[in-house]
Amino acid sequence: MVLQPLVVQACQVGATLFLSPLLTGLIARAEALIAGKRGPSVFQPYRDIVKLLRKQRLRPDVASPFFLVAPYIACGCYATVSTLIPVLTTYPLPGATYGDILGGAFVLAIAAFVTALAAMDAGSQYTSIGASRATMVGILVEPTLIFVFFSVAFITGTDLPYAMNATLRHSWTDVVRPAHLFATAAFFLMLLVDTGRIPIESSSATIEFGMIDDARLFEHSGPEMGLFKWGASMKQFVLYTIFCNVLLLPPGLASTGSVAAVALATVLLFAKMMLVALVVIAIDTSFAKLRLYKITEYIATGLLVAVLAVFAWTAGLG
Amino acid sequence: MMSHALTFAEAAAGSAAVALILTQLALFRSVVIPELITLYAVQSALVAAICAVVGITGHGWDLVVLALLTAAFKVIVLPAYMLRLVRGVSGRVELPVRVNVTLSILMAAALTGVAMLTASRLPLPAGGFSPRADLATTLAIVFIGFLFAILRPNALAQVIAFLTLENGLFFGTVTLAPGLPFVVGVLLLIDVLIAVVVFAVLVRILIERRATASIEAFSELRG
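Taken in order, these protein sequences are the chains called A and B. Counting in the numbering used here, the first sequence runs from 1 upward without gaps. Counting in the numbering used here, the second sequence runs from 1 upward without gaps.
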């Protein structure tokens, strides 16, 4: 049975919506196993989200209705990005060319913006600190990401994610060109920032002073908190997808709309993501968290690695 | 330039080159000696791997032997010995930092740019980009190694700077002139051994007399 492109696009969004907690669960499980623990079930994130979604809706007295709307916008943004990137198929699906990879980055920025706005709306110092920290980090990360995308666009001659994937898929040697590898390394450094992993933030659900992303959500509870948690999973899923399918491991996508091909692509996507996750977990277990004011150094390093990509390219070293 | 399809050895050398430069940049991140030694071991492993790949893909088995020697020597024996040496120093050795991390990495990146531009201008024989990329990497690692030695006034850090520098030269030798005689490769290894022995003696003397490995202590010897 061959699925219509629109249905496949729905599958892509569906995968981002409903399989992203599974990725979070798998990573948490793998992390626990590597640390010598049994760890929670891979379905724990689903249970957490469902539990939170069933709870009562609460809003601080000082907060405006926007406080409750923000998580819905944020989740909508993450789901929208998944229509622009090759999650499951090699060929562009309806709506895929409405935005290039920078368009995707801007949609992600909207999500960060509304989350920060809701955090400040809550009127608590802690959430405001979280919002200002997250915004500071975001301001530093964004130029690096733009630089990475521009350098990859420079190398592949396009900034449409599907076309990037196609270029890299057709000649695997393009993936290992020094310029592309530098850009990929820079994106990986930013991936750790954006998914809140160790050199920047500890991913375990502890409450501490150095929190960045999670500090924004202290005032949220119930369904909205559940949505933010879900959104964090979706963001991780989307960024891992970009890293695997657009930058490092382009093969393994469905080239037709047949059910078997799409299902296989989903399984392969998870396999690729888990490969990346293993590296992330290795870093998580072997490095210490950076002090807050050292984060700028880390991000500056990422930017310089991206600059090296352009150097390597313009110097004609591939 | 883009139409040239890479062979496996070229692709491996290119990826290793990127990883080498990144490990070299990572040196600046550390202010603790054991981390530097671990980084050196990782870098040596990369160099050994690329040596083995070049050997297996058609330049003779002596390179594979050399790779094995490199792996045994520079990945296991030397780092283990140096880690033990450092443990002898009382507690944690923290490196003095002359310039902050961001600025030093910026300088290193600028030097890498210089290395890349130099390599792209040199009149190398035509044929793919690989020799240029390998030469650029070699130069970049040598430059960054020197920069690191300058910015970290500590004898142990300077040993490691010297050793990474040698890693870069070894990478260049293997990728640019894979047909080199086996003896030359082994000589390079022995070169490292002598350097390490000399520095180990120096470090021991420093530790005994001053209980520190900082070269700032030498300032009074100026004439």
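Keep in mind the hints are simulated off the structure, nothing from the lab. Given the structure is predicted, the values throughout are model-derived calculations rather than measurements. Idealized CB from N, CA, C, for every residue including glycine. Keep in mind that a hint or two might mislead.
Stated by the list, open to error - Below are the SDA-like pairs computed for lysine to any residue, each with C-alpha atoms no more than 25 Å apart in a straight line:
| # | chain 1 | residue 1 | chain 2 | residue 2 |
| --- | --- | --- | --- | --- |
| 1 | A | K51 | A | G14 |
| 2 | A | K294 | B | P34 |
| 3 | A | K294 | B | V101 |
| 4 | A | K294 | B | A72 |
| 5 | A | K289 | B | A49 |
| 6 | A | K272 | B | T102 |
| 7 | A | K294 | B | P96 |
| 8 | A | K289 | B | N100 |
| 9 | A | K294 | B | R29 |
| 10 | A | K294 | B | F8 |
| 11 | A | K294 | B | L22 |
| 12 | A | K272 | B | F8 |
| 13 | A | K289 | B | V97 |
| 14 | A | K294 | B | A12 |
| 15 | A | K294 | A | A153 |
| 16 | A | K289 | B | T23 |
| 17 | A | K272 | B | A12 |
| 18 | A | K272 | B | V101 |
| 19 | A | K294 | B | T23 |
| 20 | A | K289 | B | L83 |
| 21 | A | K289 | B | L95 |
| 22 | A | K294 | B | S30 |
| 23 | A | K289 | B | T38 |
| 24 | A | K294 | B | A49 |
| 25 | A | K272 | B | A49 |
To be verified - Derived Cβ-Cβ restraints for the label pairs, each shown as a range:
| # | chain 1 | residue 1 | chain 2 | residue 2 | range |
| --- | --- | --- | --- | --- | --- |
| 26 | B | F8 | A | G39 | 36 to 44 Å |
| 27 | B | R204 | A | A282 | 30 to 38 Å |
| 28 | A | G39 | B | A200 | 22 to 30 Å |
| 29 | A | L58 | B | V42 | 44 to 52 Å |
| 30 | B | L69 | A | S171 | 52 to 60 Å |
| 31 | B | Y81 | A | Y72 | 39 to 47 Å |
| 32 | A | A282 | B | L176 | 30 to 38 Å |
| 33 | B | E208 | A | Q125 | 25 to 33 Å |
Against the structure, the hints:
1. With a C-alpha separation of about 21 Å, the suggested pair A/K51 and A/G14 falls inside the 25 Å cut-off, and the hint holds.
2. As the CA atoms of A/K294 and B/P34 are separated by approximately 20 Å, the hinted pair is consistent with the 25 Å bound.
3. Restraint check for A/K294 and B/V101: the C-alpha separation of about 9 Å stays at or below 25 Å, so the hint holds.
4. For the given pair, A/K294 sits about 36 Å from B/A72 by alpha-carbon distance, which is inconsistent with the 25 Å threshold.
5. Taken as a hint, the A/K289 and B/A49 pair is broken in the structure, with Cα atoms around 31 Å apart against an allowance of 25 Å.
6. As the CA atoms of A/K272 and B/T102 are separated by approximately 33 Å, the hinted pair breaks the 25 Å bound.
7. For the given pair, A/K294 sits about 17 Å from B/P96 by alpha-carbon distance, which is consistent with the 25 Å threshold.
8. About 19 Å separates the Cα atoms of A/K289 and B/N100, which keeps this hinted pair within 25 Å; it holds.
9. With a CA separation close to 10 Å, the supplied pair A/K294 and B/R29 stays within the 25 Å bound.
10. Pair hint A/K294 plus B/F8 does not hold up; C-alpha atoms about 39 Å apart against a cutoff of 25 Å.
11. Our distance criterion of 25 Å between C-alpha atoms is met by A/K294 and B/L22, whose separation comes to about 19 Å.
12. As the CA atoms of A/K272 and B/F8 are separated by approximately 22 Å, the hinted pair is consistent with the 25 Å bound.
13. Our distance criterion of 25 Å between C-alpha atoms is met by A/K289 and B/V97, whose separation comes to about 20 Å.
14. Our distance criterion of 25 Å between C-alpha atoms is broken by A/K294 and B/A12, whose separation comes to about 33 Å.
15. For the hint pairing A/K294 with A/A153, the CA-to-CA distance comes to about 30 Å; that exceeds 25 Å, so the pair is violated.
16. About 19 Å separates the Cα atoms of A/K289 and B/T23, which keeps this hinted pair within 25 Å; it holds.
17. About 20 Å separates the Cα atoms of A/K272 and B/A12, which keeps this hinted pair within 25 Å; it holds.
18. As the CA atoms of A/K272 and B/V101 are separated by approximately 33 Å, the hinted pair breaks the 25 Å bound.
19. Distance hint between A/K294 and B/T23 is fulfilled; the C-alpha atoms sit about 19 Å from each other, no more than 25 Å.
20. The suggested pairing of A/K289 with B/L83 holds, with an alpha-carbon distance near 23 Å, which does not exceed 25 Å.
21. A distance of roughly 19 Å separates the Cα atoms of A/K289 and B/L95; the hinted pair therefore holds under the 25 Å criterion.
22. With a C-alpha separation of about 12 Å, the suggested pairing of A/K294 with B/S30 holds against the 25 Å cut-off.
23. For the suggested pair A/K289 and B/T38, the alpha carbons sit about 19 Å apart, so the restraint of at most 25 Å is met.
24. For the suggested pair A/K294 and B/A49, the alpha carbons sit about 33 Å apart, so the restraint of at most 25 Å is broken.
25. For the given pair, A/K272 sits about 24 Å from B/A49 by alpha-carbon distance, which is consistent with the 25 Å threshold.
26. Look at B/F8 against A/G39: about 38 Å separates their beta carbons, and that is inside 36 to 44 Å.
27. At about 35 Å, the beta-carbon gap between B/R204 and A/A282 stays in the expected band of 30 to 38 Å.
28. One distance hint, 22 to 30 Å for the beta-carbon pair A/G39 and B/A200, is violated here, with the actual separation near 44 Å.
29. Against the hinted window of 44 to 52 Å, the Cβ-Cβ separation of A/L58 and B/V42 comes to about 50 Å, which satisfies the hint.
30. Checked against the hint of 52 to 60 Å, the pair B/L69 and A/S171 fails, with Cβ atoms roughly 35 Å apart.
31. The hint said 39 to 47 Å for the Cβ distance between B/Y81 and A/Y72, and at roughly 60 Å that hint is violated.
32. For the pair A/A282 and B/L176, the beta carbons lie near 32 Å from each other, so the given range of 30 to 38 Å is met.
33. B/E208 and A/Q125 have their C-beta atoms about 54 Å apart, which leaves the hinted 25 to 33 Å range violated.
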